[in-house]
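Protein chains in written order, with the working numbering: chain P, 5 to 81; chain A, 483 to 682.
Each hint should be verified, as a subset may be incorrect.
Computed Cβ-Cβ distance ranges for the label pairs, DEER-style [unchecked claim]:
#	chain 1	residue 1	chain 2	residue 2	range
1	A	504	P	31	38 to 44 Å
2	A	657	P	48	19 to 25 Å
3	A	576	P	68	25 to 31 Å
4	A	627	P	48	29 to 35 Å
5	P	36	A	555	33 to 39 Å
6	P	38	A	548	55 to 61 Å
By construction, these hints were calculated from the structure, which means they are not laboratory data.
Even for Gly, the Cβ is constructed at its ideal location relative to N, Cα and C.
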Amino acid sequence: MKCRNAVSELSNYLDGELDDELKMTIQAHLGKCHHCHAVFDTTRKTIDLYCDGKLFPLPEDVRARLHDALRRRAQRV
Amino acid sequence: MSEPRAATLAGDESGLVSEAKAGNYAAFEELVNRYEKKIYRLGVNITGSPEDAEDVLQDTFLKAFEHLSEFREDSRFYTWIVRIAVNEALMKLRKRRSSKEVPFEETEDQDGEVLIRDYADWKPNPEQTLAREEVEQILRNAIQALPPGFRTVFYLRDVEGLSTEETAQLLNLSIGAVKARLFRGRLRLREELSKVLKRG
Numbered sequence: 005m006k007c008r009n010a011v012s013e014l015s016n017y018l019d020g021e022l023d024d025e026l027k028m029t030i031q032a033h034l035g036k037c038h039h040c041h042a043v044f045d046t047t048r049k050t051i052d053l054y055c056d057g058k059l060f061p062l063p064e065d066v067r068a069r070l071h072d073a074l075r076r077r078a079q080r081v
Numbered sequence: 483m484s485e486p487r488a489a490t491l492a493g494d495e496s497g498l499v500s501e502a503k504a505g506n507y508a509a510f511e512e513l514v515n516r517y518e519k520k521i522y523r524l525g526v527n528i529t530g531s532p533e534d535a536e537d538v539l540q541d542t543f544l545k546a547f548e549h550l551s552e553f554r555e556d557s558r559f560y561t562w563i564v565r566i567a568v569n570e571a572l573m574k575l576r577k578r579r580s581s582k583e584v585p586f587e588e589t590e591d592q593d594g595e596v597l598i599r600d601y602a603d604w605k606p607n608p609e610q611t612l613a614r615e616e617v618e619q620i621l622r623n624a625i626q627a628l629p630p631g632f633r634t635v636f637y638l639r640d641v642e643g644l645s646t647e648e649t650a651q652l653l654n655l656s657i658g659a660v661k662a663r664l665f666r667g668r669l670r671l672r673e674e675l676s677k678v679l680k681r682g
């Protein structure tokens, strides 16, 4: 398998969407190719870093304005 | 305004929705309290702007309040408001004509080979070797540097955990386009992070 073929399946591999044969072919390639191994591994780490979803906390003043707007709207009903 | 009943406060979402539909504002407010943080994050991630995210947040819950009677409850309340929020955020992007960002619809798609420019491995455990605030700033900068079409798909799939099909439906894209944008978005993010996280 060539590196570009392995990389083209990176997303499907990480999402577990490949059939067993292609998955094993890629795993064999990753065992031999340090470059592709690093790309696959660091892409997985990238996803993991974002996964906890804690970026961009809701500022308290933004929250207060939201609740003010909703209360004003509710009082018009 | 009446208070939501104890049972609904304890976690019964469909009960809260029923009470909110019956005019109990406190029940609606409890639903807002549950999801306001996630909707704000969605807004910042898609629009790339805290100001636009505040509009997305307010418009989403105001619309949810006004159209609550139309919510048929064949999906979770959260799924319903995510749909509203994504539409609001995409409208913001489309209105931003003066922006230098790549418009959502014009993001490069399936065609063309992806070129990997950086094969470097990373330092072990960046979360442990850098201060938490530093890692978070790096992550914020990297996702905001992505074209909106990429970061929207990345956010919905990898952070929100929506399926490819759900994402395609929400964004009115083909399955192939979602997969292509996710693939490219992941690689672009990785490349951005590599600039600061790679070994020596």
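Taking the hints in turn, this is what the structure says about them:
1. Between residue 504 (chain A) and residue 31 (chain P) the beta carbon distance is about 56 Å. The supplied range of 38 to 44 Å is therefore violated.
2. Distance hint check: the CB atoms of residue 657 (chain A) and residue 48 (chain P) are about 22 Å apart, consistent with the given range 19 to 25 Å.
3. The hint said 25 to 31 Å for the Cβ distance between residue 576 (chain A) and residue 68 (chain P), and at roughly 29 Å that hint holds.
4. Remark: the range hint 29 to 35 Å for residue 627 (chain A) to residue 48 (chain P) is contradicted by a beta-carbon distance near 20 Å.
5. For residue 36 (chain P) paired with residue 555 (chain A), a C-beta distance near 53 Å fails the hint of 33 to 39 Å.
6. For the pair residue 38 (chain P) and residue 548 (chain A), the beta carbons lie near 57 Å from each other, so the given range of 55 to 61 Å is met.
In this structure, the hints that do not hold are numbers 1, 4 and 5, in rising order.
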